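Number of protein chains: 2
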Amino acid sequence: MTDAKPIYNKIALIGLGLIGGSIGLAAKRSGLAGQISGSARTEETRKVAMERGLVDQVFTTAAEAVADADLVILCTPVGALGPVAAEIKPALKSGATVTDVGSVKAAVIEAVQPHIPEGVHLVPAHPVAGTEFSGPHAGFPDLFENRWCILTPLAQTVSPDYAGAVDRLDLFWRGCGSQVDRMDAKHHDLVLAITSHVPHLIAYNIVGTADDLEAVTQSEVIKYSASGFRDFTRIAASDPTMWRDIFLNNSDAVLEMLSRFSEDLTALQRAIRWKDGDVLFELFSRTRAIRRSIIEAGQDSDEPDFGRGHAHFRDSDDAQD
Amino acid sequence: MTDAKPIYNKIALIGLGLIGGSIGLAAKRSGLAGQISGSARTEETRKVAMERGLVDQVFTTAAEAVADADLVILCTPVGALGPVAAEIKPALKSGATVTDVGSVKAAVIEAVQPHIPEGVHLVPAHPVAGTEFSGPHAGFPDLFENRWCILTPLAQTVSPDYAGAVDRLDLFWRGCGSQVDRMDAKHHDLVLAITSHVPHLIAYNIVGTADDLEAVTQSEVIKYSASGFRDFTRIAASDPTMWRDIFLNNSDAVLEMLSRFSEDLTALQRAIRWKDGDVLFELFSRTRAIRRSIIEAGQDSDEPDFGRGHAHFRDSDDAQD
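Sequence order for the protein chains is X and F. Per our numbering, the very first residue in the first sequence carries number 14; after that it's consecutive. Per our numbering, the very first residue in the second sequence carries number 14; after that it's consecutive.
The hints are simulated quantities; they were obtained by calculation from the structure and are not laboratory data. Given the structure is predicted, the values throughout are model-derived calculations rather than measurements. This list has only true hints and no planted wrong ones.
Pairs involving identical chains hold if they fit within one copy or between any two copies, as the list cannot separate such chains.
With a Cα cut of at most 35 Å, we get these calculated DSBU-like pairs of lysine-lysine:
(1) 41 <-> 102
(2) 18 <-> 106
(3) 41 <-> 60
(4) 102 <-> 288
(5) 102 <-> 18
(6) 288 <-> 199
(7) 18 <-> 60
Only chain X is shown next, with the shape it has when bound in the complex (with noise of 0.2 Å):
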C-alpha cells in the first residue's frame, strides 16, 4: 500500500504517546503522508519518538511542527488542547484541517474552535481505540484496525471546502484502518460516557475501594485477583492525566449515566438483599446476549480471557450443564 498516493502533503502529529505514536505508524505504514512532522514536550519523547520512527521530524514545539502541515491532529490530552490550540494558530498554513483524538468532544470544541483562523477548518474525531499502556513506546500502527473513528463535524460549518476537508479526514481515518462513523458532538459525548467514561470510573473506583479496606488485605486482593477483579485493574492502568481531563470534560453526560448505574446498582442490591434470585437470574442472562452481539460485531475475540495464560481449548463456546 505504500505506494498509493498520499492523502496530505504533510501531517503534524502533537503529541506523541500511544494514539499519537500509532497514528505515525499507521500512516507510514499505508502512505497516508508525504511527511510526517511531530512535536513532544519532553526530550525522552522526542528521542524514543525518532528512534522508533514515528515521525520523520520531530520539534520542540507544537508551532513549529505544524508549519507547511496540511493536517494537524491534536494527540494531548483533552485538558491541554485549549492551550496548544492558541499556541499554533499563528503558525497554521491556510486550508489546513486541525483534527484530535479526545475521548470528549464538545468540550474540545469549545475550548479549540475559538483560537482556529479563517480558511482552517476544524474537524474534531475520536478514534476509539487504545491500550492500557501510554507514552512514546505504546503506540503499534495496527491499533485502529477495525474499529470505529468517530467524526464529529461542526454543524454551523457547511461550506463545501469544510465538507471536502470532512471528507479527507474520512478516507484518511479508513487507510489507518478504521471504520468511520459521524455523529453530533453532544451524542457522541453522550454514547462514550455509557461505553467507556463510567465504565472506567467505576474500573478505578472498586480498585480503590479494595485498596481502602482493613478487613481484607492488600496481599489477598492481589492474590485472588484471577476471579475478576485483575480485569478491573487492566482498566484501572489507564493514563491518570488522560482520563482526569475525561471526567473534568465530559461531567454531565458522565454524572447523568453515572445515575442511570447507580440506580440499577441500587435495585440489584435490594434483589440481593431480599433473596430475589430471579431479578437477578434474569439480567445475568440477559447481558449474555449482549457479549455474543459484541463479537459477532468483531469487536472482541472469544477466546477463553477471563482465564488466560493457557495454550489448548475446546472446541465450543457456550455448551451448558
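Following the hints, complete the assembly by docking chain F onto the known chain X.
Coordinates of chain F only, in the frame set by chain X:
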C-alpha cells in the same frame, strides 16, 4: 508426572462443567487418582464428558458416582450443594473426604455439613480460577496452574484424622497446579466479595444499564465497546445460575462491600460535579500501583490486552509521555 503415586484411589466429580471437567483433566494428566468417576444431570453432558475423557466412568446420579470414592468433589452451582449432599449421604464410604469448589464458603458449610455422616471429612475448598465459559466443553487441564485454591477447614473439627484429610486435599490441589491457602470461611467470603462478587455484580449492572438506555442504541454500544465496555461484557457473560447462587449465598459480605463501593463512587461523583481534578488524579495514579503488583505476582500478564487483536508490540510497558 503420570507415574507418580495417586493421592486418592478413586475420586468422584459431581457436576462436569468448567471446574469439574478441568479437575478431571488435571487429575488425569498428573496421575492424582487411580480412578475418576463423575455424574451429570443431562445426557448431553455425560456424552461430552466421556468423549473428552473428563472422567473414566459417568453416572446419572451422584449417589452412584460416589460409591467407593476416597474423595468426592461437589462441582455444582452453590444452590444445588445441599440437595446433592443429602442425596449422596447414604452412599459415602467411611473415611472419605467430601469437598466442593463453591465461590462462597460459610453458606455452603451450613448447607452441606448437616448431611455429612460421622467418619466422613468435610473440607470446603474454593479454587480461584475460571473463565467466562461454562459446560462440559469448557474445561482444560491447566485452568488451575499458578492460581490459588483456598481451603476453609472446619474450626470445630480438630481430630488428627481430619487434619490428615485437609493435608491430603492440600496435596491434591497442588498436584492440579494450584498454590494453596487456608483461611476461615467467613474471611474467605469477605475477600471474595471484593475480589470477585462485587466486580461481577457491577459488570452485570453496567451492561444492563447500557442495554436499557433510550438515548444510546444497542448498536452504538456494541460498535464502540472497544473503549472499555467490552471487558465488562466478558465478565457479564459468566454463568447466570452460578452467579445468582453466589449472590443469594454471600449476601451479607456482598452488601457490606457494595456499600463501601457505593460510598466511594458517590465521592467520585461529587469530585466530577465540582471538577476536583486532584481527587480524580490521585485515585487514578494509586490504582496503577495495584495493577503492577498483580502482574508481579504472576496473576496477570502485561500484554496490552485492552487493545487486543494485534500481532506486534513495543519493547517497554510503562513509558510516560
